Amino acid sequence: SDSASFRKQKIPAISIHGLSGKWQDYLHGAGDRMENVNMQSVYLGYRHGLAFLVKLEASPCAAFRK
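In this note's numbering, the protein residues as written are 11 to 76.
Source of the hints: derived by calculation from the structure; they are not laboratory data.
For clarity, every value in this text was computed on a predicted model and none was experimentally measured.
Take every hint as true, because none was put in to throw you off.
Here are the computed distance ranges between Cβ atoms for each label pair:
{"hint": "1", "residue 1": "Tyr56", "residue 2": "Asp12", "range": "11 to 21 Å"}
{"hint": "2", "residue 1": "Asp12", "residue 2": "Leu60", "range": "15 to 25 Å"}
{"hint": "3", "residue 1": "Asp12", "residue 2": "Asp42", "range": "16 to 26 Å"}
DSS-like cross-link-like pairs, simulated, lysine-lysine; straight-line CA separation at most 30 Å:
{"hint": "4", "residue 1": "Lys65", "residue 2": "Lys18"}
{"hint": "5", "residue 1": "Lys20", "residue 2": "Lys65"}
{"hint": "6", "residue 1": "Lys18", "residue 2": "Lys32"}
We put the beta carbon where it would ideally sit given N, CA and C, even for glycine.
Make a model of the complete structure from these sequences and hints.
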């Protein structure tokens with residue numbers, strides 16, 4: 011993900027994904043097909059991500075630095 015290069019420079023970064031524990035069976039392989047995507051889960055993941063980002067945006071940067 012892009013966040014790794016930011017973290018190396020000590021810039022706070024997050025990665026959000028919706029992959030299940032079986033992602034290796036599907037991603038970039040023969041099983042990487044639209045019918046293997048649970049669209050309800052994608053929708054719920056985006057809703058969760060949006061709520062998280064709203065809270066994150068309202069927080070001071072110092073809250074996320076070590």
